[in-house]
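*Asks:* Now for the letters of each chain:
There are 2 protein chains.
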Amino acid sequence: VLESQRKIQARDLLLQLDRSRRAPVSRQLEEQMRGAIRSGALVADEQLPSTRVLAEDLGVSRGVILRVYGQLAAEGYICLRQGAAPTVRAGGLDTRTLPPRNGGGIVYDLRPHLPDVASFPRQPWLRAVRESLAHARVADLGYSDPAGLWDLRVAVANYLSRTRGVTAHPAQTLITAGSTHSLSLLSRVLARRGDRRMAFENPSHRILRAVASMGGQTVVRAAIDESGVRPDTIDQAESLVVSPAHQFPTGVVLAPQRRTALVDWAQQAEALILEDDYSAEFRYDGVPTGALQSLAPDHVVYLGSTGKTFAPALRLGWMVLPEALMDEVSRELACNMLHVSGLDQLAFARFLQCGDFDRHLRRMRQVYGARRSFITGLLAELLPGHEVRGIAGGLHIVLGMPSHSTAASVRLEAQALGIGIDSIDQHSFADSAGPAGLVIGYGALPEPTLEQALGKLVEVIRRYEEMHQG
Amino acid sequence: VLESQRKIQARDLLLQLDRSRRAPVSRQLEEQMRGAIRSGALVADEQLPSTRVLAEDLGVSRGVILRVYGQLAAEGYICLRQGAAPTVRAGGLDTRTLPPRNGGGIVYDLRPHLPDVASFPRQPWLRAVRESLAHARVADLGYSDPAGLWDLRVAVANYLSRTRGVTAHPAQTLITAGSTHSLSLLSRVLARRGDRRMAFENPSHRILRAVASMGGQTVVRAAIDESGVRPDTIDQAESLVVSPAHQFPTGVVLAPQRRTALVDWAQQAEALILEDDYSAEFRYDGVPTGALQSLAPDHVVYLGSTGKTFAPALRLGWMVLPEALMDEVSRELACNMLHVSGLDQLAFARFLQCGDFDRHLRRMRQVYGARRSFITGLLAELLPGHEVRGIAGGLHIVLGMPSHSTAASVRLEAQALGIGIDSIDQHSFADSAGPAGLVIGYGALPEPTLEQALGKLVEVIRRYEEMHQG
Chain A
18 VLESQRKIQA
28 RDLLLQLDRS
38 RRAPVSRQLE
48 EQMRGAIRSG
58 ALVADEQLPS
68 TRVLAEDLGV
78 SRGVILRVYG
88 QLAAEGYICL
98 RQGAAPTVRA
108 GGLDTRTLPP
118 RNGGGIVYDL
128 RPHLPDVASF
138 PRQPWLRAVR
148 ESLAHARVAD
158 LGYSDPAGLW
168 DLRVAVANYL
178 SRTRGVTAHP
188 AQTLITAGST
198 HSLSLLSRVL
208 ARRGDRRMAF
218 ENPSHRILRA
228 VASMGGQTVV
238 RAAIDESGVR
248 PDTIDQAESL
258 VVSPAHQFPT
268 GVVLAPQRRT
278 ALVDWAQQAE
288 ALILEDDYSA
298 EFRYDGVPTG
308 ALQSLAPDHV
318 VYLGSTGKTF
328 APALRLGWMV
338 LPEALMDEVS
348 RELACNMLHV
358 SGLDQLAFAR
368 FLQCGDFDRH
378 LRRMRQVYGA
388 RRSFITGLLA
398 ELLPGHEVRG
408 IAGGLHIVLG
418 MPSHSTAASV
428 RLEAQALGIG
438 IDSIDQHSFA
448 DSAGPAGLVI
458 GYGALPEPTL
468 EQALGKLVEV
478 IRRYEEMHQG
Chain H
18 VLESQRKIQA
28 RDLLLQLDRS
38 RRAPVSRQLE
48 EQMRGAIRSG
58 ALVADEQLPS
68 TRVLAEDLGV
78 SRGVILRVYG
88 QLAAEGYICL
98 RQGAAPTVRA
108 GGLDTRTLPP
118 RNGGGIVYDL
128 RPHLPDVASF
138 PRQPWLRAVR
148 ESLAHARVAD
158 LGYSDPAGLW
168 DLRVAVANYL
178 SRTRGVTAHP
188 AQTLITAGST
198 HSLSLLSRVL
208 ARRGDRRMAF
218 ENPSHRILRA
228 VASMGGQTVV
238 RAAIDESGVR
248 PDTIDQAESL
258 VVSPAHQFPT
268 GVVLAPQRRT
278 ALVDWAQQAE
288 ALILEDDYSA
298 EFRYDGVPTG
308 ALQSLAPDHV
318 VYLGSTGKTF
328 APALRLGWMV
338 LPEALMDEVS
348 RELACNMLHV
358 SGLDQLAFAR
368 FLQCGDFDRH
378 LRRMRQVYGA
388 RRSFITGLLA
398 ELLPGHEVRG
408 IAGGLHIVLG
418 MPSHSTAASV
428 RLEAQALGIG
438 IDSIDQHSFA
448 DSAGPAGLVI
458 GYGALPEPTL
468 EQALGKLVEV
478 IRRYEEMHQG
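From first to last, the protein sequence lines are chains A and H. As numbered in my numbering, residues 18 to 487 make up the first sequence, in order. As numbered in my numbering, residues 18 to 487 make up the second sequence, in order.
Keep in mind that the hints are not guaranteed to be accurate.
Here are some chain H residues pointing at chain A (derived, C-beta under 8 Å) [said to hold, decoys possible]:
(1) R98
(2) L150
(3) Y160
(4) P163
(5) M231
(6) G232
Residues from chain A that keep clear of chain H, each with C-beta distances beyond 12 Å, as calculated [what the hints assert, rightly or not]:
(7) Q33
(8) A58
(9) E63
(10) V81
(11) V134
(12) R147
(13) R181
(14) T184
(15) V236
(16) C352
(17) Q362
(18) A364
(19) E398
(20) H403
(21) S420
Hints were generated in silico from the structure; no laboratory data involved. By construction, the Cβ of each residue, glycine as well, lies at the ideal position given by its N, Cα and C atoms.
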């Protein structure tokens, strides 16, 4: 169906006739088209121009083209049918037979970073694209402000202050390609001004630590307990990355008194807190905790993205900056040259403005809340000796394990059986501090598949335990 | 219309009731909502939940909510109307009154980098978004391959080999956020392996040189003449950036014998040629010249983007790499974390596959070709003493000027009158080599506006010449 809409013209084929050459024009054309098919420049099923169109384009008689097409058809390169456009038969590089990228052999994906992309609201999103395109100003389709589309910055600032309690002014709200992009920018800006020690919770997401290192930061550790990060354990740092709403990977929430202590630390040490508010929209047990940022907007950078809440494919996030950082970060963003798609920004602004994003989040809260109940119930029944940890929020739980090495062994065995899963030790600093556990994401899979995946995981755990008890 | 679709619920408002506090629940609610409106967390015209919904959400009686809403309405914070949802009246931070970003005071934009975004094919693009979303696999909406969506890589490789004669295999075709992104990646990869001298034509686009420097390259110069770049003038470099199809800014095309000489140079010096094929799709005088890359696919990196041919807002480009560079560049791209929107990749793949991109290019060739004829005719008539230079291609012409300093003065005077324009000296190395001229882009403006803009520009030039002749 699609192929039938494609029409190729002579100029698209790069056909060139040299009328000064001895070889007849038809021979030259024949050679060039045969070469194009052999080399893969023309692939199977592509439509060729009609004899009339090609003759006009090249300024030759239609008879010449008829001879060329006839010869190529006789040789099996193209296919001629009465009343239909000629098409390429085969013989070129058939790129569609190449292997697609490999998903790493994962059959059941329980990795904690995956939302339920199957629930992507295709219809509402399409409507947002349509309406935003219909209303887009011409300037919106050109080179846009590297800080983001103004209308989107306004919509995001309103959204964040309304739902997360963030003190957000649109002028201090910047659009990025997501939280890792934001962190990468901030790491470089801080490093350039000489602030090169960035603290991370132990454990914390290893990819974020890698991003900070690549951005010129020395990564230092901060201890956590069941109330969240302990600022008194930070040994000299100019910044600290935390996830107060739902610590990754342990799943604890930063306690109120700890929030105050953290802000005190930042003010005394003149340090910056980078609040990674990933998946904070998802709380299933009541009203969510507001963002830390509102306690000290001058000492906290707020980072958010649509990767967990909407779709990783969108590559859209934001940060809210203290005024003192605005100039430097904006400049870094402008030099970065990697502005976020303006078309997506237009559509997402619309999606936010008309309440579709709120609706989507409400729906997903129900979906994920039900999944979390399902998975915790199932694990309590199947593995009564193992504790399920983490607040009723986000997209993952922690299943307690007797030791980090047990957790790592179970993870590797599960992976060998096609179950993608994380364990806490993967995200720890070298010493693997704190309680051990498996990090089980329930975002990506619906209940029946979750049940199958957990059934297999439980088998792995039981087998491992039997072997090491006996 | 839009506002009426928005519904805010209690959890979106972060309302929290502390039932242990002395203050009555209604007082707590009142204070919190008043604070939210004052602080701008709720902005004018936003809809509030109905009394029934809010009462349910918070687990209080409907009478409590009625009292709270009544009090806030009496104070002028919210607006209650029979049969309609309550809305916020005003008092918060009204972000819609903030000034939008400034376009630099440009009224007539003759800068050479701008395509005609007003001709963006909104309907065909929307269809591509719709059809690609309808057919998207769930995995396409998740975290995608940093090298780009496979289907798009296949479509781009086919497109490039078909229309530009590029020897492109999808596995060596990577998706980027555009040519500056590609150049930035390549600069870093080459610098890391010790290849730190990158040659650029003099003159050449200053922003590309800045990107190379930021990526760790020492920028060295290569002279050009009317046949394009002269490889014999390159004083030691491991790479060279060229635009063979339409040199920026001079508008010359790289002559056939020079292409051979350039490839010889690359092979002897074991150097890499970075072919910036920007706007090569636009030739108005016959069949376009094929890409240099096909002469030596192992020594040329091909760079392209949709910025000039489609819309800068899309942030989508590509590069075709020699096999020897694949591993390093793919790794750099993966670490870069800044993957291009998967939704845009899906849509653009569809747009290419069904022939819409070819159709769009054919249409734009006619539009730009007519504009170029119009502008050259007008300038020949109004300024017979000034040469119009550059091949009939791309989106800009060069208007010859007696000296670089004259060109620079005219540019500044024109800018003061609201005419955005470039001159060759802006893109030269320090010595301002070669013939002087104004670089006039005709991509962004339709003929009537072009005529006005050129009329004003001609006035500036005449005035300047009269002053300096008298």
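*Asks:* Does each hint hold? Answer for all of them.
*Replies:* Structure-based check of all given hints:
1. R98: violated (19 Å)
2. L150: holds (5 Å)
3. Y160: holds (5 Å)
4. P163: Nearest chain A Cβ about 10 Å off; hint violated.
5. M231: holds (6 Å)
6. G232: Not OK, violated: H:G232 not within 8 Å of chain A, min 11 Å.
7. Q33: violated (6 Å)
8. A58: At about 4 Å from chain H, A:A58 fails to clear the 12 Å cut-off, so the statement is violated.
9. E63: Answer for A:E63: violated, closest chain H Cβ roughly 8 Å.
10. V81: holds (16 Å)
11. V134: violated (4 Å)
12. R147: Non-interface label fails for A:R147: nearest chain H Cβ at 6 Å, not farther than 12 Å.
13. R181: The claim breaks: A:R181 does not keep its Cβ more than 12 Å from every Cβ of chain H (closest is about 7 Å).
14. T184: violated (7 Å)
15. V236: Check passes; 16 Å lies beyond 12 Å.
16. C352: With a cut-off of 12 Å, A:C352 comes too close to chain H, as the shortest Cβ separation is near 6 Å.
17. Q362: With a cut-off of 12 Å, A:Q362 comes too close to chain H, as the shortest Cβ separation is near 8 Å.
18. A364: violated (8 Å)
19. E398: holds (29 Å)
20. H403: holds (29 Å)
21. S420: holds (31 Å)
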